[in-house]
Amino acid sequence: MLNRILAVLLVAGALWSCGAEDAQLPILGQKTTDENGKVIEHTIPDFSFVNQYGDTITQNLFDNKIYVSDFFFTSCPTICPVMKSQMIRVYDHFKNNEQVMILSHSIDPYHDSVAVLKDYADALGIVGDKWQFVTGDQDAIYDIGQNAYLVTAAEDTVAAEETGGFIHSGAFILVDKKKRVRGLYDGTLEDQVSQLIRDIELLLKEEDE
Amino acid sequence: MNKLLLVISIACMGVSCTSADELEYEQYLVNGEAIYKAECANCHGQKGEGLRNLYPALKGNGALENSDKVICSIKNGISADKAKSSQAMPPNAKLFDLDVAQLVTYLNKEFGSNKDKITDKQVKMALDNCRD
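Those sequence lines, one after another, are chains A and B.
Residue numbers 1 to 209, in our numbering, belong to the letters of the first sequence in order.
Residue numbers 210 to 341, in our numbering, belong to the letters of the second sequence in order.
Read the hints as simulated data drawn from the structure, not as lab findings.
Ideal Cβ positions, reconstructed from N, Cα and C, are used throughout, including at glycine.
Hints may contain errors.
[As the list claims (entries may be wrong)] Pairs of lysine to aspartate or glutamate residues, derived as DMTMM-like cross-links and limited to a Cα-Cα distance of at most 25 Å, are as follows:
{"#": "1", "chain 1": "B", "residue 1": "LYS256", "chain 2": "A", "residue 2": "ASP139"}
{"#": "2", "chain 1": "B", "residue 1": "LYS246", "chain 2": "A", "residue 2": "GLU190"}
{"#": "3", "chain 1": "B", "residue 1": "LYS284", "chain 2": "A", "residue 2": "ASP156"}
{"#": "4", "chain 1": "A", "residue 1": "LYS31", "chain 2": "A", "residue 2": "ASP55"}
{"#": "5", "chain 1": "B", "residue 1": "LYS291", "chain 2": "A", "residue 2": "ASP122"}
{"#": "6", "chain 1": "B", "residue 1": "LYS256", "chain 2": "A", "residue 2": "ASP156"}
{"#": "7", "chain 1": "B", "residue 1": "LYS293", "chain 2": "A", "residue 2": "ASP122"}
{"#": "8", "chain 1": "A", "residue 1": "LYS118", "chain 2": "B", "residue 2": "GLU258"}
{"#": "9", "chain 1": "B", "residue 1": "LYS268", "chain 2": "A", "residue 2": "ASP46"}
{"#": "10", "chain 1": "B", "residue 1": "LYS246", "chain 2": "A", "residue 2": "ASP156"}
{"#": "11", "chain 1": "B", "residue 1": "LYS324", "chain 2": "B", "residue 2": "GLU235"}
{"#": "12", "chain 1": "B", "residue 1": "LYS256", "chain 2": "A", "residue 2": "ASP186"}
{"#": "13", "chain 1": "B", "residue 1": "LYS318", "chain 2": "B", "residue 2": "ASP290"}
{"#": "14", "chain 1": "A", "residue 1": "LYS38", "chain 2": "A", "residue 2": "ASP156"}
{"#": "15", "chain 1": "B", "residue 1": "LYS303", "chain 2": "A", "residue 2": "ASP139"}
{"#": "16", "chain 1": "A", "residue 1": "LYS179", "chain 2": "A", "residue 2": "ASP122"}
{"#": "17", "chain 1": "B", "residue 1": "LYS293", "chain 2": "B", "residue 2": "GLU235"}
{"#": "18", "chain 1": "B", "residue 1": "LYS246", "chain 2": "A", "residue 2": "GLU201"}
{"#": "19", "chain 1": "A", "residue 1": "LYS95", "chain 2": "B", "residue 2": "GLU258"}
{"#": "20", "chain 1": "A", "residue 1": "LYS65", "chain 2": "A", "residue 2": "ASP55"}
{"#": "21", "chain 1": "B", "residue 1": "LYS303", "chain 2": "A", "residue 2": "ASP156"}
{"#": "22", "chain 1": "B", "residue 1": "LYS324", "chain 2": "B", "residue 2": "ASP290"}
[Stated by the list, open to error] Listed next, with one range per pair, are the computed distances between beta-carbon atoms:
{"#": "23", "chain 1": "B", "residue 1": "GLU274", "chain 2": "A", "residue 2": "ALA115", "range": "28 to 38 Å"}
{"#": "24", "chain 1": "B", "residue 1": "LYS293", "chain 2": "A", "residue 2": "GLN146", "range": "35 to 45 Å"}
{"#": "25", "chain 1": "B", "residue 1": "GLY271", "chain 2": "A", "residue 2": "ASP46", "range": "21 to 31 Å"}
{"#": "26", "chain 1": "B", "residue 1": "GLU258", "chain 2": "A", "residue 2": "ASP34", "range": "29 to 39 Å"}
{"#": "27", "chain 1": "B", "residue 1": "LYS246", "chain 2": "A", "residue 2": "GLN146", "range": "51 to 61 Å"}
[Unchecked claim] Covered by chain A, according to a simulated footprint, are these stretches of chain B (three or more residues, beta-carbon under 8 Å):
{"#": "28", "segment": "261-267"}
{"#": "29", "segment": "295-302"}
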């Protein structure tokens, strides 16, 4: 009798663990079909921006990396400081994991020069290549925000005094090693960012398989 | 009997006076906290903890000792040079004198050591004398 119970428990346990391994993050964005009928997933297209060290960076820097992307500007008086304090949690959590990076785009490239971005990163205690603060062509940044990362980034012509002149989503966008968007999180909310950290852990396991 | 009544009524007046002052102080703190959360906490943090070297912590910040300077900074902002930071503090011109009075009363009580109520008259006077 005891053996039977043990056997049932073992089987149940095995099934349970299978179930847990099946948990996967969704693949977001519009799928398209090519002329051969092959389904093509939404991926982040190539880009070229300049980082806080004055280096031009492209998508190559993120080859074989999982990264979190967001949009901000250094003089932002509204949600950016909260977003940055939450992104620091992600940075600190994966500090020693070279597979995880962060890409913060400035949506105010006229003010946010390389020198301003460097000062900002220094003040936050960010060193090395893990967290890239980038500036570049304003239209290219707005375009990649809306069309690739599925979020809003634009100049604010209605309530500029309140927002610092720009409106943008507070989203953190999780991108996998195949450049696919795997999650959108509200970067102003602590519990959503905790979820993001758990999801990155999950993605790291998925990618290891 | 009359004397006793007089003493009691004076005592009552004394108590109610103190209470009215205390009540107003409490009201300043409540309103000041609401203004802090709406206008300041994004950068300086919900608990005045700041954000690393980007935005200074207010908790225990010596700058709070000089309320007049704090008042000028809130209303007129601080340039990046003066803030000794890459970040300027933006001005907040839309706040009324009473808003600033309530805010500074809250800042002093919560993050500093001064437990006095700042009045809107004090704010006006400080603003008239801002250096730059």
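Hints, one by one, checked against the model:
no.	hint	result
1	B:LYS256 <-> A:ASP139	violated, 38 Å
2	B:LYS246 <-> A:GLU190	holds, 17 Å
3	B:LYS284 <-> A:ASP156	holds, 24 Å
4	A:LYS31 <-> A:ASP55	violated, 33 Å
5	B:LYS291 <-> A:ASP122	holds, 18 Å
6	B:LYS256 <-> A:ASP156	violated, 30 Å
7	B:LYS293 <-> A:ASP122	holds, 14 Å
8	A:LYS118 <-> B:GLU258	holds, 23 Å
9	B:LYS268 <-> A:ASP46	violated, 45 Å
10	B:LYS246 <-> A:ASP156	holds, 23 Å
11	B:LYS324 <-> B:GLU235	holds, 11 Å
12	B:LYS256 <-> A:ASP186	holds, 21 Å
13	B:LYS318 <-> B:ASP290	violated, 28 Å
14	A:LYS38 <-> A:ASP156	violated, 40 Å
15	B:LYS303 <-> A:ASP139	violated, 32 Å
16	A:LYS179 <-> A:ASP122	violated, 28 Å
17	B:LYS293 <-> B:GLU235	violated, 34 Å
18	B:LYS246 <-> A:GLU201	violated, 33 Å
19	A:LYS95 <-> B:GLU258	holds, 23 Å
20	A:LYS65 <-> A:ASP55	holds, 19 Å
21	B:LYS303 <-> A:ASP156	holds, 19 Å
22	B:LYS324 <-> B:ASP290	violated, 31 Å
23	B:GLU274 <-> A:ALA115: 28 to 38 Å	holds, 33 Å
24	B:LYS293 <-> A:GLN146: 35 to 45 Å	holds, 37 Å
25	B:GLY271 <-> A:ASP46: 21 to 31 Å	violated, 50 Å
26	B:GLU258 <-> A:ASP34: 29 to 39 Å	violated, 52 Å
27	B:LYS246 <-> A:GLN146: 51 to 61 Å	violated, 31 Å
28	261-267	holds (count 4)
29	295-302	holds (count 4)
Violated hints, in rising order: 1, 4, 6, 9, 13, 14, 15, 16, 17, 18, 22, 25, 26, 27; the structure is consistent with all others.
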